[in-house]
Amino acid sequence: MSSTTPLPRWADLLLMPIVNLAIALLAAALVVALVGQSPGEVLKVLVHGAFGTPRGLSYTLYYTTSFIFTGLAVAVAFHAGLFNIGAEGQAILGGLGTGLVALWLGPHLPALVLLPLMLIGGALFGMAWAAVPGYLQAYRGSHVVITTIMFNFLASTLLVYLLVNPLKAPGGMSVESVPFAPSAHLPGVHEALAWLGIEWPSSPLNLSLVLALLAALGVYLLLWRSRAGYRLRAVGSSEGAAAYAGIRPQHQVVLAMSLSGALAGMVGMNEIAGVNGKLLLDFVAGAGFTGIAVAVMGRNHPVGIVLASLLFGALFQGGAEVSFEVSGFSRDMVVMLQGFIVLFSGAMAYVISPWVASGIAWCTRRLRSVPSGAMSASGAPHG
Amino acid sequence: MDEALIGALTASTLRVATPLILCALAGLLAERSGVVDIGLEGKMLFAAFAAAAGGAVLGSTTAALLLAIIVAVTLSWLHGYACVSHRGDQVVSGMAINIMAAGLTVVLAIAWFHQGGQTPPVSDAVRLRPLWPGAAAALQGMPAIGPWLGAIVGDGLLGHNVLVYATLLLVVGVWWLLYRTRFGLRLRSVGENPHMVDAAGVSVLKLRYAALTLNGVLCGLAGSYLVLAQNASFAPNMTAGRGYMALAAMIFGHWRPVRALWACLLFGFLDAVAIRLQGVALPGIGEVPVQAVQALPYLLTVILLAGFIGRTVAPAALGRPYLKER
Chain Y
0 MSSTTPLPRW ADLLLMPIVN LAIALLAAAL VVALVGQSPG EVLKVLVHGA
50 FGTPRGLSYT LYYTTSFIFT GLAVAVAFHA GLFNIGAEGQ AILGGLGTGL
100 VALWLGPHLP ALVLLPLMLI GGALFGMAWA AVPGYLQAYR GSHVVITTIM
150 FNFLASTLLV YLLVNPLKAP GGMSVESVPF APSAHLPGVH EALAWLGIEW
200 PSSPLNLSLV LALLAALGVY LLLWRSRAGY RLRAVGSSEG AAAYAGIRPQ
250 HQVVLAMSLS GALAGMVGMN EIAGVNGKLL LDFVAGAGFT GIAVAVMGRN
300 HPVGIVLASL LFGALFQGGA EVSFEVSGFS RDMVVMLQGF IVLFSGAMAY
350 VISPWVASGI AWCTRRLRSV PSGAMSASGA PHG
Chain U
0 MDEALIGALT ASTLRVATPL ILCALAGLLA ERSGVVDIGL EGKMLFAAFA
50 AAAGGAVLGS TTAALLLAII VAVTLSWLHG YACVSHRGDQ VVSGMAINIM
100 AAGLTVVLAI AWFHQGGQTP PVSDAVRLRP LWPGAAAALQ GMPAIGPWLG
150 AIVGDGLLGH NVLVYATLLL VVGVWWLLYR TRFGLRLRSV GENPHMVDAA
200 GVSVLKLRYA ALTLNGVLCG LAGSYLVLAQ NASFAPNMTA GRGYMALAAM
250 IFGHWRPVRA LWACLLFGFL DAVAIRLQGV ALPGIGEVPV QAVQALPYLL
300 TVILLAGFIG RTVAPAALGR PYLKER
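Line order of the protein sequences matches chains Y and U.
As numbered in numbering that gives the first Met the number 0, residues 0 to 382 make up the first sequence, in order.
As numbered in numbering that gives the first Met the number 0, residues 0 to 325 make up the second sequence, in order.
Note that these hints are calculated values from the structure, not bench results.
Since the structure is predicted, the reported quantities are computational estimates derived from the model, not experimental observations.
Fair warning: there could be bad hints in the mix.
[Stated by the list, open to error] Partial list, computed: chain Y residues near chain U (C-beta under 7 Å):
(1) Leu135
(2) Phe152
(3) Ser329
(4) Met332
(5) Gly338
No residue lacks a Cβ here, since even glycine has one placed at the ideal position from N, Cα and C.
Let the sequences and hints guide you as you build the complete structure.
See below:
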């Protein structure tokens, strides 16, 4: 603790995520070994399941898509100094918005008009669901962490109510809406590739992956290449300084939460418009919480988030394969690993980085001292 | 309303409220010392698993309770290590505990018990039984007021196990600890102004760890209640958001033990009513959707936090890591 050696920038950006991930994987491997499985075997099946076949790769990318949206949502709020735990609820509302537009206008509009409207509907619903906690934090002093938790529960009860009562398909036994009109279907990647004459196995992967990558690019341009993004980050790094520079922190808080909610709401395009084609329960399936792990792992930067989403997508798909192949393995192993990653790269970041920093300091000292033949004499920080 | 209904509602309100009260007290102790605890859900879930596994394998109530408490306290210390010893983000650490618990409990349950994430049921001898099973019948026999006493006092109030009454006593205990002891005064001060406590020569670190230890004990009790009094076995995600609801109750109770008790009883009552209101048309309102009643605790908490029902004041140093100046 006595050493306060700052970490070099390259180490902070590249080395730390790898070290943190390695520790989390090691902890997971210990658990795997503890429950009597071979970690190496599990890893082999997992990697093959996630990347080994075109079909597996498609599933990986399908999971990746939702995680990019929710990871970006958490990151945008984070840059304004807010911790948005409500991506889950905002994604539920986003799916609801997407679905309501599809149910309402589906029979009347062609896909080219309808799909953008569904996207806007989902984004607006997600935005509204996040803007309220944002407003309450900015103007009424209630903390966004607590209100977004409450809004997650409110979102899921709202969805249950709507699907049990007004939206329930008449005569159906399961809790879901009627199927959407064909024009509300976002084409799958295999369909899009078939138009180009390329054969690709069918999977839930759809064109919202392109949307997710565009969203990541958009978030990068907004946050680091625009005035609006500068204002947002200014409030995040120092509210007082930002206010002194003429930025209204309240506005930025509401703006950041709205943007965050809109991004989370786009999960609806992937799950509702791209895959299910109807409204149903549990379509978010924890992607909102995975978004927290993704943002923490990806250091809240779009590039990091896309890579971290790919990692988690691979874990989810590979984990599903492993649970088929290896008896006694369940996908909850992946949830556990997700928890370890949030713990080690998020909560424990200040525990681990001093070790790495002193390790690097030690290495550079050794490198410098070897050619001259002298030991490092000056009282370099130790330990 | 007849006496049987009132008795049944009272009984299920207390049953549902007990784990909420324990968890809310746990959260309250941590947060009054300045440590945000949104990991209540995860600690309770892991404790429930420990109690179920311990109770099923070792066949002893004491062992089940001890294991649950040890597991929950360990998680609390992990939270403390990340956020009190080091300046990790308290919300991130709490979420990490919740996600880890959700995954790890199922992984261990599958590996050890091979029942799709469940544990075998805890035997009846290990489970907590009502303290006075004959109370209702004895009171029923009294002349004139017998049926009323039997239903409301006998079934509603006296038909519970020891943990329910212990929980009610713990509310008084935590109140006494916080407001009538030197330790409590220091604990509250460290949540308001840790610099002052440090300047007075009292260790901020030790106080916050002490609060987290008590927090773990209470979470352990809450988790074991779910297994030893309610479900008999562990099931994946069996806490089902109770930890978050306790967090809401703690805020609803303005971070005070007795008010938090009322909030938990209110939330418990709403839960008891929600089940009974299914398909019943109320005069003047019509049929109330169950989901509306279920959403009420969360909705009320948001409205309260927004400052529309009085003002809530959180401990001033809540969520801020304390760095000792050198």
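Non-conforming hints, listed in increasing numerical order: none
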